[in-house]
Structures are given as structure tokens and as C-alpha cells.
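Going line by line, the protein sequences match chains V and W. If you read the first sequence in UniProt numbering, its first letter stands for residue 1, the second for the next number, and so on. If you read the second sequence in UniProt numbering, its first letter stands for residue 1, the second for the next number, and so on.
Please note that the accuracy of each hint is not assured.
As the list claims (entries may be wrong) - Only pairs whose alpha carbons sit at most 20 Å apart, straight line, appear in this in silico SDA-like list of lysine to any residue:
#1 W:LYS285 to V:LYS635
#2 V:LYS357 to V:ILE450
#3 V:LYS635 to W:ARG639
#4 V:LYS714 to W:LYS582
#5 V:LYS48 to V:SER61
#6 W:LYS37 to W:TYR23
#7 W:LYS285 to V:LYS48
#8 W:LYS635 to V:ALA246
#9 V:LYS243 to V:THR22
#10 W:LYS243 to W:ASN489
#11 V:LYS285 to W:PHE754
#12 W:LYS739 to W:PHE754
#13 W:LYS735 to W:GLU586
#14 W:LYS714 to V:ALA246
#15 W:LYS582 to V:ILE450
#16 V:LYS582 to W:LEU72
Think of the hints as simulated: they come from the structure by calculation, not from any bench.
There are 2 protein chains.
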Amino acid sequence: MNGNGPTKLVDPLEDPVPGVGTYEDFNTIDWVREKSKDRDRHREITNKSRQSTVALLHSVSDAFSGWLLMLLVGLMSGALAGGIDIAAHWLTDMKGGVCLIGFWFNHEHCCWTSNETTFQERDRCPQWQSWAELITGTSEGAFAYIVNYLMYIFWALLFSFLAVTLVRAFAPYACGSGIPEIKTILSGFIIRGYLGKWTLIIKTITLVLAVSSGLSLGKEGPLVHVACCCANILCHLFTKYRKNEAKRREVLSAAAAVGVSVAFGAPIGGVLFSLEEVSYYFPLKTLWRSFFAALVAAFTLRSINPFGNSRLVLFYVEFHAPWHLVELAPFILLGIFGGLWGALFIRANIAWCRRRKSTRLGHYPVIEVLVVAALTAVLAFPNSYTRMSGAELISELFNDCSLLDSSHNFIYFVFFVFLPVSILADRPAGKGLYTALWQLALALVFKMLITVITFGMKVPSGLFIPSMAIGAIAGRLLGVGMEQLAYYNHDWFIFKGWCSPGADCITPGLYAMVGAAACLGGVTRMTVSLVVIMFELTGGLEYIVPLMAATMTSKWVADAFGREGIYEAHIRLNGYPFLEPKEEFEHSSLTVDVMRPRRSDPALAVLTQEGMTVGEVEALVESTHYSGFPVVVSKESQRLVGFALRRDLLISIDNARKRQEGIVSASQVVFTEHAPSQAPDAPPPLRLRGIMDLSPFTVTDHTPMDITVDIFRKLGLRQCLVTHNGRLLGIITKKDILKHMAQIANRDPDSILFN
Amino acid sequence: MNGNGPTKLVDPLEDPVPGVGTYEDFNTIDWVREKSKDRDRHREITNKSRQSTVALLHSVSDAFSGWLLMLLVGLMSGALAGGIDIAAHWLTDMKGGVCLIGFWFNHEHCCWTSNETTFQERDRCPQWQSWAELITGTSEGAFAYIVNYLMYIFWALLFSFLAVTLVRAFAPYACGSGIPEIKTILSGFIIRGYLGKWTLIIKTITLVLAVSSGLSLGKEGPLVHVACCCANILCHLFTKYRKNEAKRREVLSAAAAVGVSVAFGAPIGGVLFSLEEVSYYFPLKTLWRSFFAALVAAFTLRSINPFGNSRLVLFYVEFHAPWHLVELAPFILLGIFGGLWGALFIRANIAWCRRRKSTRLGHYPVIEVLVVAALTAVLAFPNSYTRMSGAELISELFNDCSLLDSSHNFIYFVFFVFLPVSILADRPAGKGLYTALWQLALALVFKMLITVITFGMKVPSGLFIPSMAIGAIAGRLLGVGMEQLAYYNHDWFIFKGWCSPGADCITPGLYAMVGAAACLGGVTRMTVSLVVIMFELTGGLEYIVPLMAATMTSKWVADAFGREGIYEAHIRLNGYPFLEPKEEFEHSSLTVDVMRPRRSDPALAVLTQEGMTVGEVEALVESTHYSGFPVVVSKESQRLVGFALRRDLLISIDNARKRQEGIVSASQVVFTEHAPSQAPDAPPPLRLRGIMDLSPFTVTDHTPMDITVDIFRKLGLRQCLVTHNGRLLGIITKKDILKHMAQIANRDPDSILFN
């Protein structure tokens, strides 16, 4: 026993060499080291605060900097979300026409001054002119229709071209939804620039363009990325967060909550989303702070009032009709549909993305986007349900009495474009419903197909809205079906007692909402957060039960085909080192089976605590690619002393060679506390105890892998040393574990690309 | 390297000896071992399920047993909560009078058949007679008042006597709120019988009695205990949960959510309460299941409909008036009040409880309860605000226009009991408000004092309602003050612009709610869950901001005086080994400073993997009190092999002596894989590798304590071995850490009683 107290600092390298303790790009951080660093920093500030008033003030400001940062993140994200909403609204309307008072007004704003009172009429105020009116002077007839059609395609192509070009030119990280990468980053991975200012600027602009182009994508997922960018940039204002990767990830977790909060106007749901779906390390302090930030963001957005109705989202809805227990059957049916769709979508999308990666398709992202945008525009315009934006569609489907109101204007191109459109305007109302139904059915098929190829293109693209739209259409269809069934068969035993003839006993809007939740659940495998987000959209506790039944069914059904959600699937596709915190490791292997070196490998590369020269160490580092090296007492005993990281070793030796006198290749490298006695003519030793981790994690070779995986997950380790009866035997890294898991699941272990 | 694969089972003890792997009462469980055991079990079921249909069905039923259990817990807890509500309502009313149609009706039910229509009148229907009416024939005059008064005291004494006697006679664990103990149990402690059937039965009955007796306590905290008892009892139906302490704790975490869900009608708040306040290990699966159980319970309670208004709680409220930014100042003031009250209450209550423990006061719990009940009844009756139950009081204070309606009936005893009550009935309305105000002020002082001595008595007693009541009174007082201020000074610059003369610009009910949240927050230090519970009570997102401002202030203010909430303070008072997961360990000690043996202690008691006899092992175990012993290669090398628990050692040796032939004191104890060669006449060796933990956790002596504490918390360890350069140096247990923390905080380290 050597009771020598803290020995970390008995070292000439007391001032840390710049760079020691930082990480390279595409590497995993060491959570334990980062958190320990932060505690050291905090301790220092606390100790100093007792000495002077200035230091005390510094300590107080340090304590509150987290809250201030949260406030700023909330304000900035809320403002950006408001801006994106307004801009997207305006550009989307521009595809249909232009405001004569000023082109910067959107359709609704343009018509506010109009005298017509009914909503339907106000929609066609004289100040707003469709492109056909503007160009041909009339809005009737086949020619006008074709002009509008062409203009719609033109704008769609222009917007999507701008979006993809900007992304490619300035910020390649701005594409996609960003959630898979954010999950990976939050789990402790470094992707430099992914949350930088260029990504933020370009993502904000191109998100507006992509949404407006009419592609089958939403802005909700990317808003999480935008909020995380804001948080990351604002972190640079505070040393505490700038310098510590773990602390910064706490802020990013909160920012993810902020993103969902502004996307759905659901602060509580946002916090739960961050907790359930994206975060890795989520202490209670973060819970409370994310809630604060999510609220600030929601209220900022509300004060911007992008939709002019003091609601945070387009598809807020209030139901008043109760639901009956019998209806649980169709709700569960919707859950099954959602689960099946989720499983199918993930497979199809991943297959498509893999194809894009492996074939020549991946070399022409701009052309791909343009082709998909053209296809979307050509097919979407004739059907009023696909022509409107996803959020508008969802809002209509959630609402109770809008299905017929809006569907008697346009009909599906393929069948009717060459007929005079006007003759269809006064068809009987009974027929109207059927038209609406098959339009919806076509919209469903179209959305399903186009979403598969859209998600993953090189433009910002969220999945929430397309998934919800698909579910909402399916739900609405089922709801209308149920309504008809109840209407014509209200004396059936299942309707008897709660559905009197003529009464409005089925709420198709609720079915749409349940369907939306089911599909979103199937695709993302969210559970609590999804139900709470939906609950915050409706505001009625009693609708939780249908939502819950559908979400639960959907998750079970989807899980039966594969346990990964779309985000995990994309993480795996990209080969990021992500250790899923949700799933249990169920295999019975032992750590000795997974660690390196394997039996056929050369022996483990180790450093000895004394006796090696600078040259030998350099040669060892050069000849291997490991990220770190265990330090042992001697090669014979293999008793473990500590662990030194490759990067720290290289930087320190490099620095010593430049700055420290007498350090040459023959100098001894010493990791012990006291330098060993040397020959008098030997060069001075290089003491590197300061960069060695004196508390490396170890497990025994007999530790079952499930426990080892648990340790890696819970402590956020990067590597762990393996011992047998006190002797160092090997090393196990996160990558080894992931490769082992891939092997068990019959996947290619080399698909794990990063450390 | 010895690539010998899994070796755990190469042992004659393949069938585990009964008792090995279980725990003694008042001991800490090993989370890692329990979870690993469950994974083994799950693996076995999965493997078997491929063999036959029966096994497959078993596997499916096993997978769904968790959900079934949750459903049962929800149903049972919801039903019990409904029963408690109804019974408490009835008994509380009985203190005032009796229903002539049938004594089992409460006041409201009794008057349902009455013809009078207004609520005020219906309250005095002829079927319901106060005790004075029944006995003296009249309800007017001082004599009737005194009769009612005496009957009120009589019932209060009777109920509290019954409550305390039942608790003492049948289930001593039924007293208190139960939350501190549940927190400790969830963190991995064993208290046998704390969640047993007797505790459940007695707690349910005595909770009703205690609440009805008028003592200053609530049923909300104990409902968490009741729900946990239900869960624990229902766990016995499923092997998966009966046999595994870790799995059972997952269910208990969900049950805590259920308890709050039925107590406040707030399922989401309940889940967050469990997550934030009571749970220790809360995986996402539990989140989802608790949400399900909380919902089931809420809907069960709603279908029982205990309050006859389809609300789950008495004090549900809907505000419609908006609040103004200026009002944040009084809200923050309420937060400061709440924080101060919280800090003060914790100190006073802990001092009082310590006094009870250390003086003769603790020997007479029945007399104590009777005295406090008498005191409460005598002082509470004359003031209408204290006479009603806590929940009713809160409901009145939260509501917008009931302050004057209900206060013109009774006046404070000390001043007016000897005056004819009737002459005060028709005083001017302006005076009425002032009377109400000072009655409220007196009620505030009374509640504050009586709650301090009530919480901790030997009856079931929750803190939520009294704390909320105190805050609600303070808030209401401030709200009325603000209202008057705005009324008389609506041209002040702070009121200008948003408070026109005559308009109702201040909502005193909102102030009451904010005050309630602030005081509850100060006492319990809840944050998110508190805000969400309150949000679910009001249903309006916009009131979150005032609630949040007050809760945040309250927490900060209270934390400035001590970081412990009331539950943590009671845990510490009882000496339970609870490692607070929220607080960071900020001290700079190293593990070597905390581990045992200290420098002056005798060397660490270790077993060697071979060479010790049964007699020597028994002697070592007898001569020490440690819960476990490290196994090393040899005393000289001190290289660690594994860890054996005292209980397992004793049971195994005992079992071997009885059942295994030839095991005597001279038999060698062998922990190695292969028995060493022995003299031919030596007794057969006792092989104990099966009970040895081959993967004990180790840290190095240089590991900073903050990291060690983190490891203990995150992995739920009971002990960890300490090594230096690969050699075993010592051991560190949860108790050592807690003692060290107590020492740093200048507390008595011997106050940690259990392992």
C-alpha cells in the first residue's frame, strides 16, 4: 500500500500541453474523463470563490450560465422556427400564385384586407392572383389549369435545385433530417462542423426551399438539427460548455427538446422525445433545463405567431366528441397498419439508400433531387390532397368537417385533365365523398412511394410530416368507413346503445390522428414521447387511450420485423459507432471472446512504465493504429498501471522534442512517480505520468458480455482493459463490441467504420 | 491467455444451493448480478422457445407478463384509490353530521335527492343533520355550536386513535408517507414487509381514518406507498418478478407513477415524478410501462368517479383569464416564500423527529397522536378554512369566486365562541373580505405549525396536501392583495394598459395555485414533475410559465439553505444507505483515501483460491463482520481472482457439511477450476467456484472519488475492489462512500446504519 495521496500533478508537464485531452474528428469521447474534468473545474471555481468577491461573482455567474444558455437557445431556436414557418408558408403559396399588393405577402396575409367575409370566398380575394390569372387573365378552363400546373412544376424544380445546390456548395452536413447524426453525437461521437454555423445557415435556408418545393418531407426533424446547431454555436459563449464535450452534449440534449417543442408546439413532448429518442446521457438537471428551454422556445414562437392564430402548429385540433370502447378495434387496426408501414418503410428506404451509396446513382445528387421533385410535382398537382403541403393536409384530415369542403375543386390529373374542369364543379354531394375517398386513396399510395425515395436525398428532409400524413390518410379513410358503417347500420349490436341514428358518433378526425401516431410510431419507434406530443396537440386526456393503443400495437408489430427504428437504421447504414442504450445484449458470450488480441493475433501492444525510450515509443505508436496503449509495470508481470492515449502521446513527445531540452530518441520515457536512476551520461528522461490515465477501467476476462456492454453504455466508455487474475490480458473497445453485436446479428462487422 | 471459455458451471454445485444469491433483510442488492440473472433467465427462455410450441407460448406469455402486471397494478391501485377517496369523504362528513336516510351516505350523496336547487341550499338539505340538530333539535345558537364542536373533537380523537392503534398493532411500516423508504428500496435496499399485504391493508384503512380525523396530512404520498404495495403483492404472481429484485424494482418504479397518477389525476406528471423523485434505475421500457399503468389507474379511478364530477381530484380547476408579465414579480415572491418555508419546514420537522427519536416522546406514539389530533381539532373547528379537509380547502382557494361565499358562516373560536353566532351572520360584505383574510392568515399560521409536528407521527401521513394548502393560502392572500391594489390603483403605471377599471384583471386562484406549487417545491424539491402535475390540474399551457418561475425560485432559495428535500432528510434521519443520484460528488479525494482497510487497520481479510481449509474459512468468516471476501491467487501476490459473499459462503459450507460426503473442517476449500493435487489420505476438497463472482468490479487506488461514486451510482454496486498496479489493495462499499460523504459534510459518519 502506498498512501501517497494525489500524485497526478507531480510532473513537469503541469501546464497541460495544448491539444492533450482533445479529440480528433470522427472519434468517440471519453465521458468519464470529460465529466471528471468538469468536476475539477467546478471544484476549482468553488474553492476560489471563498477567496475574493470577484471570484464569488464568477462562481455565481458560472452557476447560472447554464440557465442563461438555455434561455438563449430557446429564444434563438424559437425565432428561427418562426422565421422558417413564415418563409415556408410564403414560398409554398408562391407556387400557386402571387399577391398583387406585394409579392412578399402569402396568400392568407394578402387576403386579410379583402372584404369578402366567408373563409371560402376570402380564399379567392382579388388581390391574390394565381399564375394563370396573371399570365392568361383567367382562372377558368383547361389552359389556365395547365399554366398553373406548369408554374407549380417550375417553382418546385427551382426551389429544389436551389436547395440541393446550396447544400452541396456550402454545407454538405445540412442534408437529411440530422437526427441519426445527432443521436450519434449525443452518444459521444465527434463530427466536426456538423453543428457549425454554416450548417445552421444553409440548413435554415434550404429547409425552407425544400419544404416549399413540395417534396414529400417535413421541417420537424430538421428543426431539431437547427436547434442543436444554435445550441452548439451559443456554447462557444461560455467556457464551461465550449471546452467540455460532455457538458456541451447536455446542452445539445436540451436543444433536441427545443427542436421538437417548436416543431409541434409540445414542450413536454419535446423533453420526453429528447429523453426517449435522442439523448444518451440525460441527468435530471438536463431534464429541468430542457423543459425551461423548450418553454422559452414555444413562447418565443407563439409571440412570432407564424400562423396568425396563436397556435404553434398548423395541425392543432380540439375534439369534443367522446369515443367508444368498440372503436378500440379500428384503432388497433390502424396500429397494425402503422407497424407494417413502419417496418416496410425502413426496409425499403434503407435498401434504396444502400443502392444510392453503392451504385452510380450516388454521384448525381442534384439530378436525383430534380427528378424526384419533378416527379412529385407532376403527380401531386392534380390531386388537391397532395398539392397542399404536408402540414396543411394533416390539419385538414385531423379536422372534423373539412373533407368535402375542400375536395370539390380539383380532380385527379390522370383521369380528368383533358376534360373541362368546370363541368365537375356541381356534381352531387354523395358522389363528392366517393371522389374524396379515392383521391385520398391515391394520395396514400403516392405518398407512400415517394417518401421512400425522398428521405435520404441531399436536401434537408424530415420524416415526421410524411409519416404522419400517410397515417392520417389511412386513418381518415378508415374513419369515414366506420362513419358510413355506423350510419347505415346503427342498429347493429356493436353500434347499439351509443350510436343513435342521425347522431355524429364517429369522429373521423380522431381516426386520422390515431393513424398518424401509429405510422410515426412504426417508423421511429417512439412511444411515450409520441403519445405526449399528440396529447399536447389535442389537449384532451381522454384521447390518450386510443393513441396509446395504436402506438403500442404499432411498435409491437414493427418490432416483430426488426427492432430498429429508422434513425438507428440510418446510423448503422453510415457505420457510426452507436451503442443502442435501449436494447439489451442477450447473447451469452464472455468478454474474453470479444476482446483483442484474439488468439491468433500478435500480443497486445503495451508500454512499460519505465525502460522504454522515446524512439521505441514512437516506433510502437507508428507501427500500430490503436488509439491508446496500456502501461504496465513490466512486460513479464503484465500488471496494469495506467492507459495513455495515442493522440496525447504523440502531442506530448512532439512538444517535448521541440520545447524540452535534451529530449532525443534515446531519452527514457518514464511513467512512474519518481524517475529511476540512470547512467550519468544518459539524456534526461521524458516524464509522461501527467498524460497517463491512472484509473483505467478494467473488467475480468470472465465478465459476461452483457455486463460489459452495460458498463460501456452506462459509463460511456471508449475502451476498457481486460484482466485475468490481476494480469493484463487484452483490451475491448466500443468498436469491438459493435462488431461483435453485428456478427451475432449476422451483419457485416466491417460496417462499423469509426472508433 | 487461457482461452477456456465459459467455466462458471464446471462445479459439483451446479444446482444452486437454496438461499445462495438471495439477500438478508436491511441489506443492499447487487444490481449488476440481479440484472445479469434476469438476462440469463431470458436467454434460456428464448433458446427453449425454438424447441417446442409450449415453450414458445411460454416465451410469449413471459414477454407480455410485464404488461399484464402493469394492467393489474393500474386496476388495483385505481380501485383502491377510489375506495379511499369515497371512504375518506364519508368519514370526514361524519364529523359534521349524519344522513338520516342511511348513515353510509356522505353529505353530498345524502342531499342529491333533495329538492332545493341552489348549491348553497342543497348543502343544508333536511336529510342531512348536524350532530347538534340530532341531539338538541336545533342548529342555531351557541349551545348547538358547542355540541357540534365537541362531536367534531370526539370523531377526530376516535379516528386518530383507531389509526395509530391499528398501525402499531398490525403493521408498523404503515406509518408516515412511505416515500423515503420507497426511494431507498428502489435504490436497491431490502426492507422485508415494507410492501407486504399487511402493510397494504392497514395502510389503506388507517389512511382513511387519519385523513378523516382532520389531522394536517394528505393521502397523496401514502397513495404512492399503497400503489407500491399493490405492485409488490402482484409481483408474486409472476416468477420473473418474484424472483428478481431488480425486475421487481422496475415494477415498483412504475407503481410510484401510478400512485401520483391517481393522487393528482396526472398520469404524465406521475411518470415524471417517478423518474425525477423516487426512481433509481428507470430504463425506457419502464417509462413506457409506467405511463400505461398510470393511465389505466387514472381511468379506473375515473370510472369509479369518487367525486361525482368525472374529475379525478377535488382541486381540478380551469382558468380562462390570461396573466400579465408584471405578475411575474408576485409569482417570484411566492417562489421565495415557498423556498423559505421549505427550508424552514425541513429543519423544524427533522429537529422535531430527532427529538422524538432521542427523548421519551418516542415511547408514547398513541398519546402523541391523540394530543396532536385534539390540538388540531380544537384549533381547527372554529375557523372554516381549517375545519374543511385539506383538499377541499385547496379546491376553494384555487377557485375563482368562492372566497366570500363560504366564509360568512363561521368565525374564529378564540374571539367569538362566546358571542351568539347568529348576530354575525349579516355583517356588511366589505367587512366579509377582511374577515376572510384574517381567517386565512390565522389558518396559514396554524397549518404551518401543526404540519411540522404532524409529519412523522405513527399514522399514515402525506405532505403534499398540507404543503400545498400552506402555499395556496399564502398565494391567495397575495392574490387578493394584488387584486385590491389593482382595483384601487388601476392607473398606476404597472397596471396601466392591461388592467382597465372594473375589469377582472387579477386571478387570485392562479396565485393560490402558484403558491401551492412553490411551497410543495420548496419542501420536496420537485421540479419538472411538479410543474407537469400542476399543468395537468389546470390544463392550460400558458400557466406553466408562472408555475415554472415560482418552482424554480423556490428550489433555488431552498437549496441555498441545504440541498436536501424532505424525503432525503428523512432517509438520512433513518440511516438508510441511499446514494443520492442527483447530487454531484464535488470533493477531490481519491479512492485510496476512502477504501478499507485504512492505514491503521489490520490487513484486508481475503480468501486464497486454494490452500485454505473449511475450518479456516469458517474462522475467518466468524471473526469478521464483512459481507464478502475477495479471493486472491495467493496471499503473497495479492492478485485478484474473484469475490465471494459471506451469506453464500456460510450457506454453501453449511449445506456441504450436511449433504456432501466427507466434508470436514480439514477439507480444503478450492476456488480454482481444477482441484489441486492433494495427499491421498486428505478429505475431499470443497469446491466453491460456483458461488464466486468471477467478474468483481475493480477500480485503481488513484481513481478520483467522483468517478468511483459515479460508477457506484450508475451500475448500482454494493462494493468494489481497489487495486494498485494489478495488486489487490482494499475494498470500498456503498456504506464507506456514504460515511465519507457524511464526514465531508461535517455530519456523523456513524449515522449510516445499514450496508
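Hints versus structure:
| no. | hint | in the structure |
| --- | --- | --- |
| 1 | W:LYS285 to V:LYS635 | violated, 46 Å |
| 2 | V:LYS357 to V:ILE450 | holds, 19 Å |
| 3 | V:LYS635 to W:ARG639 | holds, 16 Å |
| 4 | V:LYS714 to W:LYS582 | holds, 15 Å |
| 5 | V:LYS48 to V:SER61 | holds, 14 Å |
| 6 | W:LYS37 to W:TYR23 | holds, 14 Å |
| 7 | W:LYS285 to V:LYS48 | violated, 44 Å |
| 8 | W:LYS635 to V:ALA246 | violated, 42 Å |
| 9 | V:LYS243 to V:THR22 | holds, 9 Å |
| 10 | W:LYS243 to W:ASN489 | violated, 68 Å |
| 11 | V:LYS285 to W:PHE754 | violated, 29 Å |
| 12 | W:LYS739 to W:PHE754 | holds, 11 Å |
| 13 | W:LYS735 to W:GLU586 | holds, 18 Å |
| 14 | W:LYS714 to V:ALA246 | holds, 16 Å |
| 15 | W:LYS582 to V:ILE450 | violated, 47 Å |
| 16 | V:LYS582 to W:LEU72 | violated, 25 Å |
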